[in-house]
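**Q** Take a look at the letters that make up each chain.
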Amino acid sequence: MNRKKVMTTIATVATLGLLLGGCANQAAAPGASSAGAGGGLNLDVPVLTSIETPKDAVLPAGDGKATCPSTTTLAYIGAETGANAQLGINIFNGIQLAINEHNKSNPGCQVAFKKFDTEGDPTKATGPVTQATKEDDIIGVIGLPFSGESKATGNIFEQVKLVHITPAATNPGLTTNGWTTFFRGLGNDAVQGPAAATFMTKTLGAKNVYLVQDDSDYGIGLGATTTAALGTALIGSDKVTTGQKDFSATISKIMNSKADAVFYSGYFAEGAPFDQQLVAKGFKGAFVGPDGVKDDQFIKQAGDASANAFFTCPCIPGELIPSFASAYSALTNSQPGTYSIEGYDAATVMLAGIDKGNQDRAKLLDWVKNYDASGLSKHYKWDDKGELQAPAVYGYRVKDGKIVPIGAIG
Amino acid sequence: MSTIDGPTPLPGAKASQAAADRQASGNIPGGSADAVRKSGWFGRWSEKWRAMPRQKQWLYLIVIVVIAYLLPVINPPILSTEPGNDFPLALFSMAVYALAAVGLNIVIGYAGLLDLGYIAFFAVGSYTAAMLTSPDSPFFKIPYLWTIPLAILVALCVGVILGIPTLRLRGDYLAIVTLGFGEIIRILATLIPAMKGQVGFQNVGRPPGMGPDGIPIFANSNGTPWYWLALTILIIVLFLAGNLERSRVGRSWIAIREDEDAAETMGVPTFKYKVWAFAMGAGVGGMAGALFAGQVGFVNNQKFDVVTSIMFVAAVVLGGTGNKVGAVLGGAVVAYIPLRFTAIAEYKYLIFGLALVVIMIYRSQGLLPARQRLLAYGHIAYAKVRRTAPIAPAPVTEKEA
Amino acid sequence: MLSTVLTALPADSDWINFDVPSLMQNFWSATFDGLTFGAIYALVALGYTLVYGVLNLINFAHSEVFIMGCYAVFFTLSFLGFGPSAPNLGIGAIILNLLLALIAAIVASALTAFLVERLAYRPLRKRNAPRLVYLITAIGASFTIQYLIFLWRGPLPEPALTMFIPTPIFEVFGTIIDSQQIIIVVAAVIMMVVVDQFIRRSRTGRGIRAVAQDPDTATLMGVNKEKIIVTTFIIGGVLAGAAALFYVMKIPSGVQYNGGFILGIKAFAAAVLGGIGNVRGALLGGLLLGLIGNYGQILLGSSQWTDVVAFVVLVLVLLVRPEGILGTSLGRSKA
Amino acid sequence: MGAHSEDVPVPEDFSAAEPGAVAVSEAVAEAAAPEREIDVAVGDALVEVKNLTIKFGGLVALDNVSFTIKRGEILGLIGPNGAGKTTCFNAMTGVYKPTSGQVMLEGHVLNGMKQHKITRAGLARTFQNIRLFGEMTALENVVVGLDARNKTSVIGALLRLPRHIREEKAAIERGMALLEFVGIAQDAGSLARNLSYGSQRRLEIARALATDPKLLCLDEPAAGFNPAEKEELMALIRTIRDDGYTVLLIEHDMKLVMGVTDRIVVLEFGKKIADDVPHVIREDPKVISAYLGEPEDDFA
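First to last, the protein sequences are chains A, B, C and D. If you read the first sequence in the working numbering, its first letter stands for residue 1, the second for the next number, and so on. If you read the second sequence in the working numbering, its first letter stands for residue 1, the second for the next number, and so on. If you read the third sequence in the working numbering, its first letter stands for residue 1, the second for the next number, and so on. If you read the fourth sequence in the working numbering, its first letter stands for residue 1, the second for the next number, and so on.
Next comes chain A alone, as it looks inside the complex:
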């Protein structure tokens, strides 16, 4: 039996050798250099190195003279664990930073911060949200990050008139429920989809775009607005499942379709292995993903394949705001992630309200409703449905293993 095992091992090694021999003779890895690889595509989009922050941006520190009861509490409700925990962590770190800065400079107003875990699961969200609404000290909430859970719980906030600003949920339908307590701190998918389409066809010069969407609320919604905006540039589409790891069938369809760009409407958990397998099969075009894909994790998990990736995001590159980036990394030992600054800004809006004496739910809700000032990332003024009036979409790309901004794209 031992002899047999040894023989098999030898056979396996021999086979491996034979096959790897073939690969070593090949030229450099496909996708290792993104420039010009896509035949006619303009993949070498210049990188943005700094953005202008609004001069009059409101900061959490305020004037340092605020007073408030020590029970005043803001809460984050959203994923702390579960598959999409990273997004939640990015957000509540941003909030924590804002509250820390506020409390440090306002000895008379120490705002407490509470976190409730929903795992990002709509069915698990009612418990924590109800609990938060029952705690009278909580006068404002940042959350919930995902569209599904926001949809499931919006009416609970509405019942008790508790204001909440979502720093990440982008489904356009959320603001059509007649909720008066829901505010969205970023542009929705109806803005992002067309921006992404224009980016692909104009900036990148893609002629044939293949669209792949996942089965999430987010992916489907964004997929629809992008499809509509792409028009004839769309040559095919496919759907994948949350949690899927093997994309070979989808990839063979893409390869046969001769697409020069792929838009993936979903999250990085599937987007990263998808791009990695796509490039491993020899795809030379561009991979474009929305904010759900834009994450450092994407680069980690897609490896070198991520060199062909571009992102669109209604989020502002927080890392380009030096004061924010350094304070954030001092707090968390990591760079700001997607939606960190949105969390920070949303908290700032509420902290500013508290500082101005709006220290119960009704007043704070009123404050947010009538808010009209710039945050670190953008100008915050909501319409009567709770949508931002002037959202911006930024483009990003992967360069030297990092996600870097390439400027506003719509």
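One should not assume that every hint holds.
What the hints assert, rightly or not - Sample of chain B residues with no beta-carbon within 10 Å of chain D, all distances over it, derived: (1) W49; (2) R54; (3) P76; (4) L153; (5) P193; (6) P216; (7) D261; (8) T308; (9) V358.
Claimed, not checked - Below, a list of computed lysine to aspartate or glutamate pairs in the EDC-like style, where the Cα atoms sit at most 16 Å apart: (10) K70(D) <-> D242(D); (11) K126(C) <-> D216(C); (12) K214(D) <-> E48(D); (13) K286(D) <-> D275(D); (14) K402(A) <-> D44(A); (15) K134(A) <-> E82(B); (16) K161(A) <-> E135(A); (17) K50(D) <-> D275(D); (18) K356(A) <-> D366(A); (19) K272(B) <-> E260(B); (20) K115(A) <-> E82(B); (21) K114(D) <-> E260(B); (22) K214(D) <-> E173(D); (23) K214(D) <-> E106(D); (24) K161(A) <-> D213(B); (25) K70(D) <-> D243(D); (26) K134(A) <-> D213(B); (27) K225(C) <-> D214(C); (28) K399(A) <-> D44(A); (29) K384(B) <-> E173(D); (30) K384(B) <-> D262(D); (31) K281(A) <-> E171(C); (32) K161(A) <-> D137(A); (33) K134(A) <-> E158(A); (34) K114(D) <-> D261(B); (35) K117(D) <-> D213(B); (36) K114(A) <-> D137(A); (37) K255(D) <-> E283(D); (38) K70(D) <-> E283(D); (39) K114(A) <-> E82(B); (40) K117(D) <-> D261(B).
Since the hints were derived computationally from the structure, they do not count as laboratory data. Using N, Cα and C, we set each Cβ at its ideal position, and we do this for glycine too.
Please arrange chains B, C and D on chain A, whose structure you already have, making use of the hints.
**A** Just chains B, C and D, lined up with the frame of chain A:
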């Protein structure tokens, strides 16, 4: 090969060996010493219970039920899931899990059919409620409370439809096929546009009634009325399950679980009763699903995954396979642990996993291993036996072993 | 309910349609991809089948045995300097490194399998627990391992690392077959053949078959049942370790705390499809499941169909052949 | 392997009561199955086995076997190991499908019927390797058999409709009567798996009787019994017959078979080689040669 190897009749050498063992252990077949040794303090407790006069049993039961109803009001400090989770809502979750576990107990505990796709029926119930009450659905609408019986009916039919082809399989083959069907139902919810995948249905209906503050009594944030509704349904279902248990139907199920071939030979239409077990379980699961959909107020395809399905099985076995009260306990515990330990959110599933292993190793029969009673008037007969046979050393009848 | 949904549907009822041209166009690439993934399923399926054979137990924790192998591959290769970029090494060095990773994976998986058996199953055997209880401890063990990894490594997958860039080897029917596909399929099949022969011919293999057939008699005939059970778990672990290497090779970002769960279920389905308890059945079932899933998703136009098609086929097969395709059990297979 | 008669306080009672057993048991059977028509037409054919052939693959397990079982008799089915006794038995009770041939009960063909329907048609059996429902009490085991004649529906049980209540009460009464009849009434409340070996065998008979069969098939009911217990069993079987049941007995123990049966069918290699009353069978050279080499000193 049946999945549940009930203690088989003892043939040949094993029989005499077992008989010798029994002699060695004091020659009290199924005697009290035996039982206590096997089931620890729970066993002693359940023995005391059996020994109680019926009036006293009722008294205790009423006290327990009243306490159960008062739980959300009392909100006992250590038990409470707050501040991480609203306690009445947590209780509601526990009641729904308990209800599902009681339903699954009919399938697994009574009939011995390992169903790993029970979530499918839960999902069917949820979707029935959602699609007939949510404004997002293109169907005709009916009041929410009507969807509960309808959910039972629809789930029951789905149970029969799925049961007829699959119940010809035995044991672990049945397990994987039901697991597959559970997945298929979930994926179909994604694929069929009318079921709206992850987009789901918002504003699922609720029972009527407005509070003084203009907020509906059955608002999805108001756990207490939901919990009372679920608890009431749970108690009714327990009664009905008890009726089934102590009847021809229950006996047929247990006979199938113990030895399917022998049951068939004794004139039990095994296939028919297996389908019935499947359908009954499905009906209860569908009802649990409809309740769940009503409270959450939002139904999409995310919750109905394999993991939840396996949680239900865990609830049944944890509580004590075949014991409906055990299933209630198991279901409540399985729902409770992750909700209770949200403060240490990262550890909750680890605690859950370890608890399953440890409990199963040290209490293989589950938390409440009491045996089901299968005769409506059995106590009369057994009492007669006790009277007429005083020679036997305290024959402990109809008790667990 | 389905039919009510279907008939009551508004205009968008074309959710199911058969895209035959697409299947024709992608048939061969779907075949080769399906075989590649099917080979991985098969290796994992063997672990289920062997344990089922001797213990009649669905070892739900086998998916965690597999994922521990994946982590071992990841750590070994990271330690050896592999990263997101393709390694700048000669063939010999790459082979050596992959072999080291393979050994590490095999050790990690086998050790996990051993520990699961020792800590979760053996105490139950001593207590003569009913079989359902094994299933629940298996699930408990699975959860425990998953969340231990979760606490240790966090919720996210480990960064990808590239073992080598797959290169086209030859072309069949206009479809390129690359080195990765060949390595995985060939190595997996060789391993399965070795295991098959091992079970059929070696002394331990005979012991395994004897225990599978009749544990009591086997014990009477002098077979050490406990030892055989441990050996079986370890063999399953070894194969899962090998599968882990190939899986990470194919899906570099698949190393995640819960990454084994779904694959485990598919592998178990493969084992049942082929005939659980049957070694050759596991191979056949794995490859078939890979193929069916791939054909199905292309034919029906979205990968969301993969599992639906796979499970429907499984059910249909079981209805015709309740014991699976090669339905004889491990114990009864010919020597 | 001897049974432990000290586990079973019953046999003593039973043997003591033996002279009067018939008289008592008639009343007992009356209680057990009151609706039952006492068959008066003793002697006409109850079961006819016609040209029964069973093949497993290439192996012919049963080759063109025919015999009849007359109403009110105890028919012994004997033969050396592997002669096809149990195969024949299984074909009659619907476990195997015959390759060709028929089994008829009172003129109705049983072939192809589901097992539980065959039972309800009036053919009940016990198992050679006891197959009781281990987690049920003795009484519950018997009531499962009685349920073959009950008609409560699932809805009826769920809502405790009157019929359910009536049937439940009757079942308890009849079940206890049957347990008394086989002599294990004291153990009514014990789990079947905790019963002594002898009591388990008796319980099997009671459970089969509970289905109110026209023909009771006993598959080696005395296996593992000591001579005293065999005596008691023979008495019990006779009592059952005297009570108006027809009995088919597969048995290895020649003494028991010769002592209790009215007629014997002998199988060898799947073929019937003899069919006659016991004392003729005893002298039949074919039967003797079939059994040669088998150390059955009772027989020689």
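**Q** Are the hints correct? Go through all of them and say.
**A** The hints, checked one at a time:
| no. | hint | in the structure |
| --- | --- | --- |
| 1 | W49 | 16 Å, holds |
| 2 | R54 | 17 Å, holds |
| 3 | P76 | 35 Å, holds |
| 4 | L153 | 14 Å, holds |
| 5 | P193 | 37 Å, holds |
| 6 | P216 | 33 Å, holds |
| 7 | D261 | 7 Å, violated |
| 8 | T308 | 28 Å, holds |
| 9 | V358 | 25 Å, holds |
| 10 | K70(D) <-> D242(D) | 14 Å, holds |
| 11 | K126(C) <-> D216(C) | 15 Å, holds |
| 12 | K214(D) <-> E48(D) | 13 Å, holds |
| 13 | K286(D) <-> D275(D) | 11 Å, holds |
| 14 | K402(A) <-> D44(A) | 15 Å, holds |
| 15 | K134(A) <-> E82(B) | 11 Å, holds |
| 16 | K161(A) <-> E135(A) | 13 Å, holds |
| 17 | K50(D) <-> D275(D) | 14 Å, holds |
| 18 | K356(A) <-> D366(A) | 12 Å, holds |
| 19 | K272(B) <-> E260(B) | 12 Å, holds |
| 20 | K115(A) <-> E82(B) | 13 Å, holds |
| 21 | K114(D) <-> E260(B) | 14 Å, holds |
| 22 | K214(D) <-> E173(D) | 21 Å, violated |
| 23 | K214(D) <-> E106(D) | 9 Å, holds |
| 24 | K161(A) <-> D213(B) | 12 Å, holds |
| 25 | K70(D) <-> D243(D) | 15 Å, holds |
| 26 | K134(A) <-> D213(B) | 15 Å, holds |
| 27 | K225(C) <-> D214(C) | 10 Å, holds |
| 28 | K399(A) <-> D44(A) | 10 Å, holds |
| 29 | K384(B) <-> E173(D) | 11 Å, holds |
| 30 | K384(B) <-> D262(D) | 38 Å, violated |
| 31 | K281(A) <-> E171(C) | 14 Å, holds |
| 32 | K161(A) <-> D137(A) | 14 Å, holds |
| 33 | K134(A) <-> E158(A) | 13 Å, holds |
| 34 | K114(D) <-> D261(B) | 12 Å, holds |
| 35 | K117(D) <-> D213(B) | 63 Å, violated |
| 36 | K114(A) <-> D137(A) | 10 Å, holds |
| 37 | K255(D) <-> E283(D) | 14 Å, holds |
| 38 | K70(D) <-> E283(D) | 23 Å, violated |
| 39 | K114(A) <-> E82(B) | 13 Å, holds |
| 40 | K117(D) <-> D261(B) | 13 Å, holds |
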